[in-house]
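J.: So the chains spell out like this:
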Amino acid sequence: MQLPDPSFLLIQCLSGLTYAMFLFLIASGLSLIFGILRVLNFAHGSFYMLGAYLTYQFVSYFINSPAYFWWAVLFASVSVALIGGIIEMLLLSRLYVREELNQLLFTYALVLILGDFAKIIWGTGQLSISRPAILKGAVQIFGQYFPEYNIFIILLGPGIALLFWLIMTHTRWGRIIRAAALDREMLGTLGVNVSWLFTVVFTIGAWMAGLGGALVAPIAAIVPGMDVEIIISAFIVVVIGGLGSFWGTLLGAVILGQVISFGILVLPRLSMVFIYILMAVVLILRPWGLLGKPLKR
Amino acid sequence: MPRENWFLVIIILCLALLPMSESRFYIFLGTDILIMGLFAVSLNLLLGYTGLVSFGQAAYFGIGAYTCALLMKKASVAFPIAFAAAAVFGAVAALIIGFFCIRLTKIYFAMLTLAFSQIVWAIVFKWNSLTGGDNGLIGIPFPQHLDSPTRFYYFTLFVVVLSLFLLRKLVNSPLGRMLTTIRENPERTEFIGINVKKFQLIAFMISGFFSAIPGALFGIFNHSIFPDLLFWSHSAEVLIMTILGGMYSFFGPMVGAAVILYLRMLVTSYTQYWPLIMGTILTLLLFFFPGGILGFLRSQLTFLKRNR
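Chains as they are written, first to last, in my numbering: chain E, 165 to 461; chain C, 803 to 1110.
Rather than coming from a laboratory, the hints here were simulated on the basis of the structure.
Mixed in with the good hints there might be a few duds.
What the hints assert, rightly or not - Capping the alpha-carbon separation at 25 Å, the derived lysine to any residue pairs in SDA-like fashion look like this:
id : chain 1 : residue 1 : chain 2 : residue 2
1  : C       : Lys971    : C       : Thr982
2  : C       : Lys1107   : C       : Ile813
3  : C       : Lys875    : C       : Thr982
4  : C       : Lys928    : E       : Ser397
5  : C       : Lys876    : C       : Ile925
6  : E       : Lys457    : C       : Lys999
7  : C       : Lys1000   : C       : Glu989
8  : C       : Lys908    : E       : Glu264
9  : E       : Lys283    : C       : Glu1039
10 : C       : Lys908    : E       : Pro311
11 : C       : Lys1000   : C       : Leu897
12 : C       : Lys999    : E       : Glu263
13 : C       : Lys928    : E       : Ser435
14 : C       : Lys999    : E       : Ser435
15 : C       : Lys928    : C       : Lys908
16 : E       : Lys300    : E       : Pro322
17 : C       : Lys928    : C       : Leu1068
18 : C       : Lys908    : E       : Ala344
19 : E       : Lys457    : C       : Leu1068
20 : E       : Lys457    : C       : Pro988
21 : C       : Lys908    : E       : Asp347
22 : C       : Lys908    : E       : Arg342
23 : E       : Lys283    : C       : Leu1068
24 : C       : Lys908    : E       : Lys300
As the list claims (entries may be wrong) - If we take Cβ atoms under 7 Å as the criterion, some of the chain C residues that face chain E in the derived model are:
id : residue
25 : Ala886
26 : Val890
27 : Phe918
28 : Tyr1075
29 : Gly1081
30 : Leu1088
Each residue gets a CB set at the ideal place from its N, CA and C atoms; glycine is no exception.
Assemble the whole structure, with the sequences as input and the hints as a guide.
T.: Shown next as structure tokens:
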């Protein structure tokens, strides 16, 4: 086998990173919801899919505005957040008193319902939108071209991570959210409206998934089935990184992105198996994930 | 004989008379329900009786289907041997995978069973030369003497009734009681000196054995099998059947399988949006009948008795 030249490897690494940033956006919402609400949200992939479809929809509304793409991203992600918030407030919140399995099943029912709604509204064909005008070009890296839009995504990921970290560690809301992850009963007795907090957290989580879907829309095919495809990857990311661990999710996303990107080069037929083996090995050796903390219950 | 057993005898007699209807539709549906029902009851040995949420049960169903089909098609092994081998393979795979899974609890257990089932799925999906990969295995031969739908129906009925009989004996045996104790409180069971992990592994293995049997039947019933059978969504489907029927009663999962398969047959002839209907049914059930269909009927029955 001939050794591929380094610039090609760099491009491969960068496209892995781009994918990792989408995974990070979705998985960190999933991890946040699990950390606070203790609900493993199967519908998270559906929120991501809705984000992509709604961006397509809003792009057609705002097409005459110069910054139409950014408006569409904003409206689509906020709409997904609202849908998520309403679902939590009206339905999911009634299931907290039940067994965990009931919540899991409800979010799975949402996957089925939202998936079919998308099919009814947007059909089963493949939709696509073009990249925003200012990021249409490509930059040259060691003789290879790499799209500007992907660079923007790679820079945006850590930016969002940093912003989130700052909110969680330096604001009152962040403190309350972290406290809820540790002991929700105690937080309630201290006078915090926990059920409202849960709605807010679920809304933020849904917003992150919607944003991921909105941003992926210009570079991926918008098709039915993108919901179930991403949710398993997001599960793998949070399991590898550690359920409820924020930096772990970033690490897990980067690992998974690189494994997929290079696995296809080295062993195209086995790259998928690698991912699941990685997940199983982490679960066997460190069930709480690479950067997570073991549950003390 | 207790009243419940009389009831069962009547149901089995009805099922045995079903082919008299001469309707290919009902024979087909009946076979499908029996197969998926047994699969759901096997899963429920873990879910309802031992308190382990397995999210990768489709792996053992698929292993059973592929073992039986490959032995018959590629190695021309006689059906009874291939059938027995399928069940044994299912049990062995469950023993190996279960060995790792039972070390974890709750959500982590579910995640690891999911990871392993996806590994098995990916292997089946990618191993083109053996399994046919994405194209699946088609043209699985019908075993001798079982070459008509009616004959295969009777064979399925016999296998399923026998398996259910054995499983029911099992859950009412001291071993079954032990599993229920573990479900109720694993920590306490450990304190009274019982090796919880050992019993969980035994339950996992038995469940794998009885999940592979319907898998093997399914392959022959459909003449073809595809890697989809092992995908996680198939595990989710059988989980839904189990919970919909009622996971705290022995025959609940069977009822769940019957209701879902019948409704699917009915709905798909009108609309392609079966998942939407299914998701709605599931949501309504979660909010209004948390004990599943059989759980609901039972509570109504005790309510009526009390008021009489």
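J.: Each of the hints needs a verdict: does it hold here or not?
T.: Going down the list of hints, with the structure as the test:
no.: 1; hint: C:Lys971 with C:Thr982; result: 14 Å, holds
no.: 2; hint: C:Lys1107 with C:Ile813; result: 23 Å, holds
no.: 3; hint: C:Lys875 with C:Thr982; result: 41 Å, violated
no.: 4; hint: C:Lys928 with E:Ser397; result: 18 Å, holds
no.: 5; hint: C:Lys876 with C:Ile925; result: 18 Å, holds
no.: 6; hint: E:Lys457 with C:Lys999; result: 23 Å, holds
no.: 7; hint: C:Lys1000 with C:Glu989; result: 14 Å, holds
no.: 8; hint: C:Lys908 with E:Glu264; result: 9 Å, holds
no.: 9; hint: E:Lys283 with C:Glu1039; result: 20 Å, holds
no.: 10; hint: C:Lys908 with E:Pro311; result: 43 Å, violated
no.: 11; hint: C:Lys1000 with C:Leu897; result: 11 Å, holds
no.: 12; hint: C:Lys999 with E:Glu263; result: 22 Å, holds
no.: 13; hint: C:Lys928 with E:Ser435; result: 10 Å, holds
no.: 14; hint: C:Lys999 with E:Ser435; result: 33 Å, violated
no.: 15; hint: C:Lys928 with C:Lys908; result: 30 Å, violated
no.: 16; hint: E:Lys300 with E:Pro322; result: 22 Å, holds
no.: 17; hint: C:Lys928 with C:Leu1068; result: 35 Å, violated
no.: 18; hint: C:Lys908 with E:Ala344; result: 21 Å, holds
no.: 19; hint: E:Lys457 with C:Leu1068; result: 48 Å, violated
no.: 20; hint: E:Lys457 with C:Pro988; result: 22 Å, holds
no.: 21; hint: C:Lys908 with E:Asp347; result: 19 Å, holds
no.: 22; hint: C:Lys908 with E:Arg342; result: 23 Å, holds
no.: 23; hint: E:Lys283 with C:Leu1068; result: 21 Å, holds
no.: 24; hint: C:Lys908 with E:Lys300; result: 47 Å, violated
no.: 25; hint: Ala886; result: 29 Å, violated
no.: 26; hint: Val890; result: 23 Å, violated
no.: 27; hint: Phe918; result: 6 Å, holds
no.: 28; hint: Tyr1075; result: 5 Å, holds
no.: 29; hint: Gly1081; result: 3 Å, holds
no.: 30; hint: Leu1088; result: 5 Å, holds
Checked against the numbered hints given earlier, this structure breaks hints 3, 10, 14, 15, 17, 19, 24, 25 and 26; the rest are met.
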